[in-house]
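What follows is each chain in one-letter form.
Protein chains: 2
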Amino acid sequence: MNVQEAINKLNELELQEFAYGHAMGILSYDDETTAPRGSRIPRGKTMGVLSELSYKLSTGDEAMRLLDQLKEHADELSEEDRRRVELRDKRTREMKAIPVEEYVAYSELINESSNVWREAKNRSDYKMFEPYLGKIIETQKRFAGLVRPDMDPYDYCLDQYEEGLTQEKCEEFFKTLREHIVPLLERVRSAPPIDTSFLSTPFPISDQRELSRKLMEIMNLPKDNCVIGEVEHPFTTGFSKYDVRITTHYYEDAFLSSMYSVIHEGGHALYDLHSDDRFCFTSLEGGISMGVHESQSRFYENIIGRSREFVGLIYPELIRLCPKLAAHSVDQLWRAANVAEPSLIRTEADELTYPLHIMVRYEMEKAMIKGDVNTADLPGMWNGLYKEYLGIDVPDDKNGILQDSHWSGGGIGYFPSYALGSAYGAQLLAKMREDFDVREAVRSNQLIKVNNWLEDKIWKYGSLYKPAELMEKAFGGPFDPKYYTDYLERKYTEVYGL
Amino acid sequence: MNVQEAINKLNELELQEFAYGHAMGILSYDDETTAPRGSRIPRGKTMGVLSELSYKLSTGDEAMRLLDQLKEHADELSEEDRRRVELRDKRTREMKAIPVEEYVAYSELINESSNVWREAKNRSDYKMFEPYLGKIIETQKRFAGLVRPDMDPYDYCLDQYEEGLTQEKCEEFFKTLREHIVPLLERVRSAPPIDTSFLSTPFPISDQRELSRKLMEIMNLPKDNCVIGEVEHPFTTGFSKYDVRITTHYYEDAFLSSMYSVIHEGGHALYDLHSDDRFCFTSLEGGISMGVHESQSRFYENIIGRSREFVGLIYPELIRLCPKLAAHSVDQLWRAANVAEPSLIRTEADELTYPLHIMVRYEMEKAMIKGDVNTADLPGMWNGLYKEYLGIDVPDDKNGILQDSHWSGGGIGYFPSYALGSAYGAQLLAKMREDFDVREAVRSNQLIKVNNWLEDKIWKYGSLYKPAELMEKAFGGPFDPKYYTDYLERKYTEVYGL
Numbered sequence: 001m002n003v004q005e006a007i008n009k010l011n012e013l014e015l016q017e018f019a020y021g022h023a024m025g026i027l028s029y030d031d032e033t034t035a036p037r038g039s040r041i042p043r044g045k046t047m048g049v050l051s052e053l054s055y056k057l058s059t060g061d062e063a064m065r066l067l068d069q070l071k072e073h074a075d076e077l078s079e080e081d082r083r084r085v086e087l088r089d090k091r092t093r094e095m096k097a098i099p100v101e102e103y104v105a106y107s108e109l110i111n112e113s114s115n116v117w118r119e120a121k122n123r124s125d126y127k128m129f130e131p132y133l134g135k136i137i138e139t140q141k142r143f144a145g146l147v148r149p150d151m152d153p154y155d156y157c158l159d160q161y162e163e164g165l166t167q168e169k170c171e172e173f174f175k176t177l178r179e180h181i182v183p184l185l186e187r188v189r190s191a192p193p194i195d196t197s198f199l200s201t202p203f204p205i206s207d208q209r210e211l212s213r214k215l216m217e218i219m220n221l222p223k224d225n226c227v228i229g230e231v232e233h234p235f236t237t238g239f240s241k242y243d244v245r246i247t248t249h250y251y252e253d254a255f256l257s258s259m260y261s262v263i264h265e266g267g268h269a270l271y272d273l274h275s276d277d278r279f280c281f282t283s284l285e286g287g288i289s290m291g292v293h294e295s296q297s298r299f300y301e302n303i304i305g306r307s308r309e310f311v312g313l314i315y316p317e318l319i320r321l322c323p324k325l326a327a328h329s330v331d332q333l334w335r336a337a338n339v340a341e342p343s344l345i346r347t348e349a350d351e352l353t354y355p356l357h358i359m360v361r362y363e364m365e366k367a368m369i370k371g372d373v374n375t376a377d378l379p380g381m382w383n384g385l386y387k388e389y390l391g392i393d394v395p396d397d398k399n400g401i402l403q404d405s406h407w408s409g410g411g412i413g414y415f416p417s418y419a420l421g422s423a424y425g426a427q428l429l430a431k432m433r434e435d436f437d438v439r440e441a442v443r444s445n446q447l448i449k450v451n452n453w454l455e456d457k458i459w460k461y462g463s464l465y466k467p468a469e470l471m472e473k474a475f476g477g478p479f480d481p482k483y484y485t486d487y488l489e490r491k492y493t494e495v496y497g498l
Numbered sequence: 001m002n003v004q005e006a007i008n009k010l011n012e013l014e015l016q017e018f019a020y021g022h023a024m025g026i027l028s029y030d031d032e033t034t035a036p037r038g039s040r041i042p043r044g045k046t047m048g049v050l051s052e053l054s055y056k057l058s059t060g061d062e063a064m065r066l067l068d069q070l071k072e073h074a075d076e077l078s079e080e081d082r083r084r085v086e087l088r089d090k091r092t093r094e095m096k097a098i099p100v101e102e103y104v105a106y107s108e109l110i111n112e113s114s115n116v117w118r119e120a121k122n123r124s125d126y127k128m129f130e131p132y133l134g135k136i137i138e139t140q141k142r143f144a145g146l147v148r149p150d151m152d153p154y155d156y157c158l159d160q161y162e163e164g165l166t167q168e169k170c171e172e173f174f175k176t177l178r179e180h181i182v183p184l185l186e187r188v189r190s191a192p193p194i195d196t197s198f199l200s201t202p203f204p205i206s207d208q209r210e211l212s213r214k215l216m217e218i219m220n221l222p223k224d225n226c227v228i229g230e231v232e233h234p235f236t237t238g239f240s241k242y243d244v245r246i247t248t249h250y251y252e253d254a255f256l257s258s259m260y261s262v263i264h265e266g267g268h269a270l271y272d273l274h275s276d277d278r279f280c281f282t283s284l285e286g287g288i289s290m291g292v293h294e295s296q297s298r299f300y301e302n303i304i305g306r307s308r309e310f311v312g313l314i315y316p317e318l319i320r321l322c323p324k325l326a327a328h329s330v331d332q333l334w335r336a337a338n339v340a341e342p343s344l345i346r347t348e349a350d351e352l353t354y355p356l357h358i359m360v361r362y363e364m365e366k367a368m369i370k371g372d373v374n375t376a377d378l379p380g381m382w383n384g385l386y387k388e389y390l391g392i393d394v395p396d397d398k399n400g401i402l403q404d405s406h407w408s409g410g411g412i413g414y415f416p417s418y419a420l421g422s423a424y425g426a427q428l429l430a431k432m433r434e435d436f437d438v439r440e441a442v443r444s445n446q447l448i449k450v451n452n453w454l455e456d457k458i459w460k461y462g463s464l465y466k467p468a469e470l471m472e473k474a475f476g477g478p479f480d481p482k483y484y485t486d487y488l489e490r491k492y493t494e495v496y497g498l
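Chains A and B are the protein sequences, given in the same order.
In terms of the working numbering, the first sequence has 184 at position 184, counting the first letter as 1, and numbering is strictly consecutive.
In terms of the working numbering, the second sequence has 179 at position 179, counting the first letter as 1, and numbering is strictly consecutive.
Worth flagging that the hints you see were computed from the coordinates, not collected in a lab.
Quick list of in silico lysine-lysine cross-link-like pairs, DSBU-like style, CA-CA up to 30 Å:
1) B:Lys56 x A:Lys96
2) A:Lys431 x A:Lys175
3) A:Lys127 x B:Lys223
4) B:Lys9 x B:Lys90
5) A:Lys56 x B:Lys9
6) A:Lys175 x A:Lys370
7) B:Lys9 x A:Lys96
8) A:Lys169 x A:Lys96
9) B:Lys223 x A:Lys398
10) A:Lys71 x A:Lys96
11) B:Lys96 x A:Lys56
12) B:Lys96 x A:Lys9
13) A:Lys90 x A:Lys473
14) B:Lys387 x B:Lys175
15) A:Lys223 x B:Lys127
16) A:Lys56 x B:Lys56
17) A:Lys9 x B:Lys56
18) A:Lys135 x A:Lys370
19) A:Lys449 x A:Lys466
20) A:Lys223 x B:Lys398
Reference listing, derived: stretches of chain B covered by chain A, where coverage requires no fewer than 3 residues with Cβ under 8 Å from a Cβ of chain A:
21) 9 to 18
22) 24 to 30
23) 49 to 62
24) 215 to 228
Glycine included, C-beta positions come from ideal geometry on N, C-alpha and C.
Looking at chain A on its own, in the form it has when it is part of the complex (with noise of 0.2 Å):
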């Protein structure tokens, strides 16, 4: 076989890592869309069935035999190829690492979980949520020491969602972010406080269906590659540029919540919907890791969205939606959703504010990792710190640890990458500042050139570069949290006129 023919070997055995994980992919968001509540069985079966046979697929003789045949010829490979060759090196390295029985009952451990919290949240009861929690914390550290035991398990989940992340790097952003934040919040907390009562204002639901519609058009979604959904917990998913679907929640009387929703899942899906046509069902194409993804889909739900250029584009559609708000000015509207107060709901917490209950869920999560806490007292933790942090009760579980849905579906070690995403946008911003004006391309609905930038200097890649290197190159430098910060005391200060 020469390298042509193991090129064309490994598009063949890519592509059928792209329908396992197409078909599993549709099966949970029919889950989370559609689903009726008995079809956890036969879903978990399936399940079960697909990742097996994904794992044995990506795992079995012939793929491996085809990997080291492309190891050896790494040298007459391009660079994309090479690239392809190294993610499946370190993939199928942490695949065979874990015995299948063990990868198939994770993932039927999983199913049933996001089942089991779902229920756990709506009555509100953490007890019948910790025997899962728990599982998934013992097969996440299970799993760490099998794949990397010479990293600490924490810093592997958290390299699971942003290569190269180490608590060491948390440490720090999290320390100058807290010496910023806290101060800034203060600062705000004595200035006289913003009028929010009209957020509260009724807004029809077949309304608020319009207005996502409207927003997607602004934002430049293509209709024929990305629908929207209606879940409990919004969320994105992008089975490849062509099929791409973002999910929303409306609620009558806080019409903001699904508007940001919709701009922050949209932020995701143009990320997804514009890899190179040249990476289409191979491992290259999407977004690279989640700090990425969610420094796309946070710029423009913060540094758009909430920006007084956007707030006064979409107010006409607005006020034509909602009559009633018309009694509210651009200005007012634009500093009501810009309040910071501290809150119990991560999803609906300001930019301020928000990095706060991500460190809150970093360190829950570093202690169930370290095995410092018993699932029994995680409540409390969590109770614990959203008083230290944030200076707030946590009324039940509902509103406290149950809020999320990652930890139920394994996701430990993400929630740092919202925070490291926040950052990554703002120093974005500044960069773009340098080749256009962004605020009246906002001002003026062209913001398909915040998309083609953005095209050009993060999209475009897919999963070519790792996360560090991506941005390295947009960014033209190294990463540096002071663009976070200096945008937070901006941003700030002219909101509260401080």
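Once you've looked at the hints, dock chain B against the given chain A.
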């Protein structure tokens, strides 16, 4: 390997086949209900890969050795396991006769063709769909020749949907129907017309959704295992007895359309939801044939749903949701729901003229498979047959040859099972009446009695028996279309007071 080990292997193999079928089923369901247009590209790839892998699994050396071993030990197997072996033997023989590349190419053609048909129907542009239909016909003929060179190709098509059904049986069956329906329809048409104008009373779609929920409740469709989706062309898809999806389409000015669609699809769903537990995830789960399936759906839609008692049962709910309907009595509504009148669209046709729509399709399919007609001439043939059988002019292809999705999905030979199913249903009714007062059960909202009877005679058996065998057991004797023609005669005499 002893027999028990072989059965364990068979269970494992069938579970894997179930998983592939489930995944492909969800992909199709998602396509029909949710997916953006562009999704056809990745879905085509994934369907191609999964159908190839599934084909190789079912026909590979290991599966064939297992089958041989089980056949050798057939006399040591239970009735169920013997039937599974028989079904597998038939199915794998069919699959092995078709080269894998052709099998995969065909599944990709179907994915593409369904999308093209949808578009062609919207535009009423038969030319757009014609090349796909041509390829589907050619492929069906080729597969028939490969699998059963001893059999007439259209008989092979019929047998795919109703094992044992042949053109000879169809001709005789349709002849009997024509002999009764044509004169009965003439008598009906000479009777005083029934007022149907109020059937277009505007009925808001949100209220129709509530009506659907009520209908599902009356039919005892379990919410945890059955949800309703909204699509252009209603269908039912059962993934397992734990998860069955029905669908409908709401028209604000034709509430009966969705109402009877929900009852029809609900009948399919009940059948799939009540296979015996021990058949779960094996080839015996779910309905045996399309004829038997249609016997259940059309039994609920017409025999139950269009009975005077059912209309009386749903009437209070109808006038609660749409108060204007209260100007008309139960009797008026019942008559209006049973008006017999030649019309263009099969799915909207009344019970009496419905078989004539089927006969048109039967003649078309026979000619297509025999090669008696060029694809370019099919719309002309369709329109000619509508004139001949129903006496009406077809204005365009959207309301003509493009109205049904079946052919675009490769379903040639399916249609006759609708008419056969109606006749099965009438004979089941006669038998059911020997055991309890069916009218009284419906009148008193005790459809559970009907369900229990059908579960006991039909549903619980899944695919354990061949269709004709199953029906004869339920009938306690041979199939006789006289029950159907007697039923029609009785019903229309009553509706029109002949």
